[in-house]
Each structure stands twice: as C-alpha cells, then as structure tokens.
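Undergrad: Start from the sequences and build out the full structure, keeping to the hints where you can.
Listed below, chain by chain, are the residues.
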Amino acid sequence: MLEIIKELLFGGEPVTEQHGSKSQTPDPAPSHVVELAPLPTPLPMETTTGTPSRSSLQSEAESGGRPHVAQGGGLSQSLSANLKALKQIFGTSADITYRPFVVGGLQLGAALIYLDGMVDGPSINEFVLRPLMQRDQQLLAISQVQTDPLPSGVAVATNPLLLQIQHMLVFNGALAERTLFTQIVDDVLAGLTVLLIDTMDSALAIPLQGYEERSVSEPPTEALVRGPRDGFIESIRINMSLLRRKLKDPNLRMEIVRVGRRTNTEVAICFIQDVANPKLVNEIRTRIKGIDIDGILESGYLEQIIEDHHFSPFPQIQNTERADRAVANLLEGRVVVLVDGTPFCLILPSVFNQFYQAPEDYYERFLIATMIRGIRIISLFFSLTFTSLYVALISFHAEMLPTKFAVAVAGGRAGVPFPSVAEAFFMELSMEILREAALRLPKAIGPTVSIVGALVIGEASVRAGIVSPLMVIVVALTSIGSFAVPSYSAAIALRIVKFPIILAAGTFGLYGVMLAVIGLVVHLASLKSVGVPYLAPFAPMKPEDVKDTIFRLPLWAMTKRPATLRTQDATRQPHAASLLGAENLGIEGESGHGQPER
Amino acid sequence: MQRRRRVTTLLLPLVLLLAGCWDRREIDERSNVLATGADLCEKGQGCNLIVTRQIAIPGRIPLGGATGAPAKGESVVAFSTPGKNGPDTARKAQAELNRTVSFAHTRFIAFSEAFARQGLREYLDYVRRVPEVRRLMWITITEGKASDVLRSKPSLELVPALYVNDMIDDAVKAGRLPDIYLGEFLTRISNKGEDTVAPIIRMIGLDHPALAGLAVFRDFKMVGKLTPDEMFTQMQLRGHRKGAESFEVALPGGNSANIRVYERTARYRLSQNQGRLTCRIQVRLETEVLQLSPELSGEDPKVLADIERRGAEEVVKRANALMKKLQQEYQADILGVGEHVRGTMPKYWKTVSEDWSKAFAKTQFQVEAEVHIRRTGLGTE
Amino acid sequence: MGNQSGEEHGSITPYQLTAIAVGSIIGVGVLAFPRLLVEQAGTAAPLAALLGAIPPALSWVAWVKVGRKFPQQTPAEYVTKLIWPPLAWVYALLGMIFVLIITGLTVREFGAVVKTSVLPNTPIEVSISLLLLAAAYFVRYDLQVFARVYEVFLPLMLAPLTLIGLLSLKNARLVYLMPVITDWLGLLKGIAMASVGYIAFVIGPFLLPSLTRPKEAVKSGLWGIGLSLFVYMLAVTASLAVFGPEELKHVIWPTFELVKTTTVPGFILERLESAFLGIWVAAVFTTVGGTYYALVVTIAQFFKLGDHKTLVLPLIPIIYMIAMGPASIHSLYRVVTFFGLIGVGLVQGTGFLFLLLSVIRKKGAQPGATKA
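Protein chains in written order, with this note's numbering: chain C, 1343 to 1940; chain S, 97 to 477; chain G, -18 to 353.
Keep in mind that the hints are not guaranteed to be accurate.
What the hints assert, rightly or not - BS3-like mimics (lysine-lysine), calculated; alpha carbons at most 25 Å apart, straight line:
| hint | chain 1 | residue 1 | chain 2 | residue 2 |
| --- | --- | --- | --- | --- |
| 1 | S | K249 | C | K1746 |
| 2 | S | K269 | C | K1746 |
| 3 | G | K170 | S | K443 |
| 4 | G | K230 | S | K288 |
| 5 | S | K317 | G | K230 |
| 6 | G | K200 | C | K1884 |
| 7 | S | K454 | S | K420 |
| 8 | G | K196 | C | K1884 |
| 9 | S | K288 | G | K151 |
| 10 | G | K151 | S | K269 |
| 11 | G | K230 | S | K446 |
| 12 | G | K170 | S | K288 |
Keep in mind the hints are simulated off the structure, nothing from the lab.
TA: Written as structure tokens, this is what we have:
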C-alpha cells in the first residue's frame, strides 16, 4: 500500500520492470492519476521504486560492473565518512562536485553531491541551498514535535529529522530517501543532486537535473507533408512524454529496464496493457533482459541483439523517429522500445508489409493514400529488379523489345566494350558511392555532389562509351525507386539484394532472375519477427489484415487490429458499422472506449 | 542449422558465378535479320533456292528518334545466299557475318510467287522448328522476286523491313487484310477443312512495295491469286468483323452511290442431302455512305433502301463469282467451310475429310447478303 | 534465437492447403497438357479436362476420410497398420520410388523447355541443377515456411494463364471447339490423361495431420483441385480455340505456343514467352518442391528418421540422375505418360484402397463416425 501511495505522489507512471510484473494481476490502474512531472525537471526513475525495491537484476549488474560499490553497503552516520567513501568511489573525476555547507536551523554539517553540468545550478541555489542554509528558529520548534504533520504514508523519509527537512526545507516536487551507496552513486550518475547531512545514515536524492537537450523538432529522416511535426529526441523522458501526450490511456505501460553494464542505459518497453499480446510482451522483455553488454549507445545495438535472424539483410525490427508512428503501432498492438540517448525507437514485431507504409498513409484520404502506396510498391519492385530485368532483356531476350527499339538500343550500345552486366554493376556501384558520399558530406555540399556526380559521371561515361545511355536511365530509375521506399533500412536491404539478382540476370537471363526471386521469397517466408511471420498478412494469409497492405481501405472499414499480432482487444471501432463514413472515428481516436475526459 | 543455411545461401550465388553465361549475347552482338525472302534459283546454278536476308546495321538507327543525327549510308544491308534449303542458306549466311545471326526480330518472310507455287512445306517446317522465330511475323508472297522487296528503300521509313511490316500491321488492324500471321498460316494449312491465303506484295517502281490482293493456297502450294476486290469479298464471306472496303452501287438513272463497309458478319448454314452438301452463307454488312450522285438525297429513306437492296445484289454477285473461281479453278476452301462441317456435322465429315478439296468443289453455295446503311456522313443532301 | 515460437508450429490453414494444392498441381505439365489431351480426345479435350478432375477429387475425399481415422498420422505412418507390414514395406518403397521419379521427370521436362526455347546454349545440366538446388534450399525449411511460400506464389500460378486466356480470345475460333464429343473411347483416354495432371499433389495426404481446421480439409483440397482445373481448362480451351485440333498436334508445347501468339495491347514488350517461362519457373519450382518435400517426409516418417532436413541434400544426385535419364524429348514424353498413368493408380487409387482397407479391417479411430 505504501508503495502505491508513493507512486501516487511521485508520478509513478514509469513503472519499473519489477513493479510491472508484480502488479500485473491486481492492478487497479491508479498509477497514472498523477501526470508526469513537468518538462523542465523530468522525473527520475528511482523515485518511483521507493527505497527498498531495487531490482535484483540491477544490483546483480552493478555488483558485476562496479566492485567498489558492492562492498559499500549502507551509509554511516558520519558525514565525513560518507563523503570519504563517495570520494573513493568517484575518484578524482573532474565533474563531480561536493558542496559542503551547514544547515542553518540545525547547525549540522551537510553536503550536496552532484555532477557538474548535469544539474540545474540556479535551482539548486534557490530551492535547496537557500532554504537549508537560512537560519530558521521555527524549525527547531517543530523538530521537537515528533508527529508527522502530513497524513501518514505520504512521506518519503523515515528519519524524523530528514522528514522535516523534506517537508519544510527542500522546495522540490519529488524526493527520495537513500540509505545505500549504490543508490547514491546511481543517482549522482543519473544527474540527481544528493543531500547528505551529518548524523544521519540516510540521504535525500533531489531531482534537479539540468542538461542540454535538443528541442523536440521534426525528424529529418522521416519527413512528411501532412502530420505532426514532433519527433523523438535523445532524452528518454521527453520521448516517453511524447508517447503519453498522444496516448492518454491508463493502460499504456512503459517498463524501464536498464541495459549495459557500463552505460546503464535506460530502455523503456512500451505497450498498451490490454491490447498487446502478453506473450509478445514477455518475449520481448525476456530478450531485452537477457542482454549482457557493456554499452548500448543506440537502439541499433538492441535491435541487432534481439532480432530473430542475424544473417538476413532484411530488417526484422522497424525503427522510427516519429512519435505518431510509434503511437500508431502501439495502437495496433505492437511494442515500442525506447532507448535513452537516441531519437530512434524500435517497433516490434515488424513485417515486410510495413516497409512501404508511411504514417501519412493514414492522414491522407484513402484513395490518395492507396495511390501513393501503389507508387511506393512499384518503386520498391523497381529498385529491386529493374536493372536486372533490363540486363536480362538486353543480353538474353532481345526478342522481347519492339524491333525498332531493339535496333536503336543495339545502336546505342554499339560502342560499349563491356557486357551489360558489367555495365550495370559499374553504374550501380557508382550510384551507391554517390549516395554514400552525399550522405556523409556537410549539408551544404551534399546536393552539389549528387548533382555533379549524377550529371557529370552519367553524361561523361555515356560520351566516353563506357555505358549506354539507356543504362544510365535504368540505373537512375532504380536508385530513385529505392529512395521512394519509406523505410531506410528496408531500402538498403533491397539495394544489397539487387546485386545478386543482377548477377543472376547476367548469367541466366529471366530464368536466373526468377530463380533469384524464388530464393528471396523462400528466405522472406522463413523469416520471423518476434514470432510473427515476416510476410504476414500475405503468408499466412489474413484476409482482414490485407485491408491495410497494397490498398489502404477507408478508416471506417479497418475496424480490426492486425490479426497477425493476436491482440487481446481486436476491435478498433466497435460501432463502426453503424457509423459508416464517420472518418472522425479515427485511427488515433480510440473513441469507442468511453475514456473519461481529463 | 543456421550455419548450414548460411553455407547453402553462399553456395548458390557462387554456382551462378562459376557457371558462366552460355547464352549471354548482347543485343549489339547479334546480326538481327529483320526480314527474309526466298526466291527460286535460276537453272544451272546448282542450288534450289536463294534466300535474301535484310540485316540491321547497329548504330545506323539512332536511339534518339528524330533528334539523332541522320545516319550516313544505309540502315540495313540485304544480301542473298544460294543454297539447297533454308538451313543451308542460313549456315552459309552466317559464315559471311561477324555476328551470330538472330531471327528473333524477323518481321516477315517474303516468298516469290514462283517459289510459293512450288510449295512451302519444307521451308515452313524449318521456320516452325526454330524457336527464335516469332509466331506473329507475316508471310507474304511477292509478284516478281522476293529479293526486290528486301532490297527496296521506301522513303517513308528508316528501316525497309519495318515499312512492309507496318504496312501489313496497319492494314490488318484497319480490316483491309485478313489477320494471317505465321502461326495462323500454319494452323490453316494444318486444318483439314481449310486452306490459307497470304497477302501479295507488288513492287511499284524500285523502292515502293505495295499490297496487291491475296495469294490462294491449297495445302502448302500457291494455286492462284485474288484481286483486292476479291479479297474483300472473301473477307465478307468469312465475316471478318472489321471492314474497310468501299464499293460502288449502280442505281437506276445513271446515278450511283459509294458505300463503305465498316462491319461484316457472316453465318454459315450447312445441310446435306444424299451426300451433297449445301452451304448457305448469310452475309450482313454495316455500311455508311461515302458519296452520292447529286440527284439523290441521303435523307430519303426510299433512296437508302434502294441502295441497300442493290448493294446486297452487288455483294451476292461478287460472291458468286468468287465462289465459282475458288471451286472450279483453285479448289481451295479459303473460307474454312470444311471446319464448319467438321464442327457441326461430324458424321458427314468423316466421309469427306480425307479429300475435302473435291468435296468443297462440289458443294452448293447459296450466298445471301444484307446491307444496312447506318450513316450518311456529315452532309445532309 | 526464438526461431520457433511454438504456438503455431505445424499448422496449415485451409487457404494454405488450397495454395499448396494449386502450386503442386500446376507446373510444367500445363505446357504440353493440351497436346496430350487432344491427341487422345480430339475436340473433346476440354470436356476430358473437365471430367479428368473427378478422379483426383474423389480420391482426395477418400484420402481425407482415411486421414480422419488416423488424425495424428500421415500415410507413411499408418500404411503399416492398414497393410500386412512386409507388403506395406514394398508398397511404401514403390511409392517413394515413384515420387522420386516424378520429381526427376518434372525437373527434366522443364529443363527441356528452357533449353529448347530460351537458353539454347546453356547446358541442360546447369539449368536442372539450379532448379534442384533452389528446390533443395526450399525443402530444408519446415512445414510452415513451406506453406507460406505456396501462398506467396498462388497468384503467380493463376494470373498468367488467365491473362493469356483472355488475350487469346482475339484469335479464338469457336468452330475449333466443336464437336464437343468425337468418340467415347478417345474421351475416356483423354480423361485418364487429364487426371494424370493432378498426381503431383502427393503431398496432400501428408498435410492432413497438420491442419488448423481439419474439418475443412475436403473443402480446401477441392478448392485447390478446382482452381487447378480452371487453369488446365483455360490452357486446353484457349489452345484448342486458337490452334484447332490439327495444328495443336504439331506443336510440342501448345500452351507455350499460345503465349507466343499473344500480344498485350499497349504493352511495350512484345514476345512474352521468355517472361512467361520466367514466371513459370515459380510454378515448376512449387511442383518440384511439393513432390520433393513429400519424398523426404515419407522417407523420414516411414523409417522413423525424425528430421527430414538431413535427407534433402543426399537425394539431389539421385533426382538429378533420374532427370538426366531420358535420351530425347520424345522419349521423355513417353516416360512421362507411362509414369503418369501409373501415378493415377498409385496416388489416386491408393486413396480408395486405403479407405477400403480401413473400413474392411476396421482400423483407425471411430469408424463410421466421420460425416459423409
């Protein structure tokens, strides 16, 4: 009970993995009553867990990772001893700051410990140091009263003196009492300010983080014309708040797991409790918890470790910078994994079908969306097979071209010394080089390089007779096609696979192309993303899900969540049949649920 | 498991690479034969036939269409090879070329009339067996030498072979020629109850091939010709749907009307009486008026009815003349009556199938025609 | 890591069963099918094709009924219960050899088509080996992947011939389809020939224990046979209507020839036979994959070897040797016809035989409880 109320007080929403698993059955879902802390001082994770509820996993990880702390144990009553111990742990690191002072009202020695640059200095001065250092006679008076002025259970501190300080002297919303060195070390490293007071064997952790963050801005990699402009940033707190702001559902759960022995990176597993398949969530949770690595710097680390098939060029986990995309996937019953320090979150499970879909498909009216999707699918096939088909036609099946055209093409190729396979390889390779070069260059030079490269190399190599003009067109179309695929990682996969298909076309013509495509299909059919077949909903066929594949049917027709995900609550629009044409019952709405207004 | 799969996936492309590419022949590494012509060999030269082939010269036909620099010299070269038979000439022709001969783009075969009258069985057997050859190419018969057609340089088209090809394509599409490509030609010859036809090409001057009626075949041998008018009558009798011909209907008082057929249908009614076959052919033509004598009004229903009636008489007259020619002179069933017999009177067919040509010659034909004028053009009078 | 999620292991949906049926049945046989039928039945070929689907359909019903008596077992497992074991061994061995042979012959037939029409200089050994390797790569996966691949390729089996059938309407002549019946003996021979077209569905009875909804086995299997019938009917009717009964006998692969005489209006590319053959690689691949899979599964289950995957690679050389057996294309077709007719007895007849035996010998679970 105590814990629940603590949660009430301190936000509670970011449920730790331990709490989540414990409270799954009886959860009356009060945890969201208090909103997340306001943005400027994002709430730390630790406060929610309360003092004794450190996860066993973490302490294990710590005992392995930081041997000093393991033997540290609890705080002593002596401030100097405590400081000495901490100084030993942190060594002579330049950014650790110890600020000794005297608590005015008590005439007790005290110290603040924090990392310079990770805390909000003025706030510390104003809201911690100032009230504590001021002499205040009232404090003593009240300190003699042993009763708690506040309803029982609300307090964090157990030490009566600390309780007073908490209640009367530290002007801050969220506090936590700490008695172990490991906790203090973690807090300091996470940017909290720790208050140690002489004669007390417990400390207060004050969340006054303040460090430079990029502001929420439009994600550059997933631009769209219509749709929200907010994208994830590097801070997991902000990212969680972005999700929460779009999805005001008490059943949205965000479990924090810390991954990385040394980076101690926070990873949030987000899902909608009564939608996502619990087996799926469990599987993902187990996979993430099973990771033992020194550092996670980007969600890509996580992706590579937890994906099903490591030797496939195809991404089995989608990533996105867009908060709206993440929320849409949550609503479909997928799991979103946020990783601290990167704007890219992971979406699991992902199927091949998703790689030609863009969030805009659902914001535009369905006819337009369907057409645009059709164009994307065509460009997907273009980028995969167009060059190889051209090679097959030119060097094997010339009879398929219209005679006049064939004669002209033969003329265009007359001076080219290489077989068309070599020609295609040369051009495709230079195209890839150009793309890579334009990507790495400063933004101001990038476009220049691509224009110069495309024009000059294309034109000059045709003039020089190294490639035929048609090949330039074909390769350009292929490349543009691959840019039209919304998922960057899928586009890269297609570009990799393209090369063996060109090779097959150059050796066996269309027969080779088809054999390569068959091999590709078999490979794709054998893939799974967290247990979901990669080619779903086409194979295995789920007629209900096909509504949102090549065609994007009107929103009122898509009343169900993807059946492939085996969600607990399969219906998106329970009353859609009676509301035909009511597009305002949108995908983002979840209106049928009777959610109380807040 | 994973490792094994990896090995397999690695092996597959490797096999592809090592396997090489036996059939890779770049489009510019082929000598594309655009058209072929076969003539009889003159006596005393020790050969059976001379085959002329028109081959495209790569690079002479620009890729950029009209914007390309006008090609210097010829876009194609035609050269003749004498030999014993088709394959023999192909072999000899190959020896004279730097690139492998490809028949993939051969658009038509021209046989000289003399060659066709000797029979095409052997040559077409060769053509049928070569998989490169397109089934949709045209079979044509030339008055005079086939090589003349292949050596002609029509000014309207850059590639001579394509001139003839487009000419036939367009005529077929417009309904001016029956749609008889190689596959259909062979099919009709194979049919026991049908004989085939092929368009005739006549040279006007040195450089201008033109369509000039149909050659009539019995089995693989050419037996006669149809004039363009007879050809249209044949198409009416067969009921080739799309029509294009126009003909003049003489009216009383020295007046006349010119009507154009745009749709034809024909129905066959077969009956037999004591072994004698009677075939009723009901021709129905949808027409429009192209020209009227000034005395006549296109708005007058009587006039139109008169034209329809007399037009029908004209059609029947022409049809009877054609049937007489086909039955008595050629004994060639280019209408496919025999196929109708096979389809609808299987028992009777068994008695005549072995020698259908004779039975065809004895068949009694009754041609009936209906002409309907549906439009009179933009003029009202 | 997590490759087997367990919850849907070994489950095949009714739709997948249909797809597997179509994929296995439709293959290289379609190319020569009209000729083989017209040679026997003349213009009655479409009727023969239609009636030729009845034996395989009935046989499928019989197989399903037998399968219901042994709900957890495949034919390779329950054959020893139905037949006196030594005889069952002989029977099973014959079956395996037969499936081995038709796998080889299918590969060879396609190799011959490829060699003759699109890759004349590529050694037939190479194109055959490639197809075999691709099939082996495919067969090594488990049943779910197997079924999914068929699902993906299902449209590829149906679409091309439907398109070709529609486009060849331009050149079709109704009179070629008449008379509907010429002679009864020829029709019967034609029906027998037509039912040969369905023997590649040997995999069917082996899938029965793995179905998600066993009750729909008859229905979805018949759907598969029906869709294949549709493709066969299209091929036969369109070829006959375009070529007529006489010319049809002169072309070795009428369906292929049909593609050669077809143009898609408004399409840039002209001669589609290479493209068609390219797509048809998938059809042949699924046929070969089906029989190959049936083969390895039968061997693995009959000899209780456990995993079928280890058998895949050792069988490649054997299939390859069978494929290279026939000396020429005409001896190939003689062999194909011979084994095809045996196959009608072995694959389709066995269904009835097993049903009969299970009823007479009262084997299997709850006889008579199954609904008709």
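Undergrad: Please work out if K170 of chain G and K288 of chain S have their alpha carbons no farther apart than 25 Å.
TA: At roughly 23 Å apart (the allowed maximum being 25 Å), K288 of chain S and K170 of chain G satisfy the hint.
Undergrad: Please work out if K317 of chain S and K230 of chain G have their alpha carbons no farther apart than 25 Å.
TA: Roughly 21 Å between the alpha carbons, so the hint for K317 of chain S and K230 of chain G holds.
Undergrad: Checking one constraint from the list: CA of K196 of chain G to CA of K1884 of chain C, max 25 Å. Satisfied?
TA: Given that 25 Å is the threshold and the Cα spacing comes to 19 Å, the pair holds.
Undergrad: For the pair supplied as a hint, K249 of chain S and K1746 of chain C, is the alpha-carbon distance within the 25 Å limit?
TA: Since the Cα atoms of K249 of chain S and K1746 of chain C sit roughly 16 Å apart, the hinted pair holds (cutoff 25 Å).
Undergrad: Can you confirm whether the C-alpha distance between K230 of chain G and K288 of chain S stays at or below 25 Å?
TA: holds, 13 Å
Undergrad: Keeping to a limit of 25 Å between CA atoms, is the pair of K230 of chain G and K446 of chain S held or broken?
TA: Roughly 19 Å separates the two Cα atoms, so the pair holds.
Undergrad: Between the alpha carbons of K170 of chain G and K443 of chain S, is the straight-line distance 25 Å or under?
TA: Answer holds: K170 of chain G to K443 of chain S is near 21 Å, not above 25 Å.
Undergrad: Take the C-alpha atoms of K288 of chain S and K151 of chain G, compute the straight-line distance between them, and say whether it is at most 25 Å.
TA: holds, 22 Å
Undergrad: What's the verdict on K269 of chain S and K1746 of chain C, does the C-alpha distance respect the 25 Å limit or exceed it?
TA: Holds: K269 of chain S and K1746 of chain C sit about 19 Å apart, inside 25 Å.
Undergrad: Given the proposed pairing of K454 of chain S with K420 of chain S, does the C-alpha separation stay at or below 25 Å?
TA: holds, 14 Å
Undergrad: Would the pair K200 of chain G and K1884 of chain C pass a check requiring their Cα atoms to be no farther apart than 25 Å?
TA: Holds: K200 of chain G and K1884 of chain C sit about 18 Å apart, inside 25 Å.
Undergrad: Quickly compare the C-alpha distance for K151 of chain G and K269 of chain S to 25 Å and report which way the hint goes.
TA: holds, 12 Å
When held up to the earlier numbered hints, the structure conflicts with none and fits them all.
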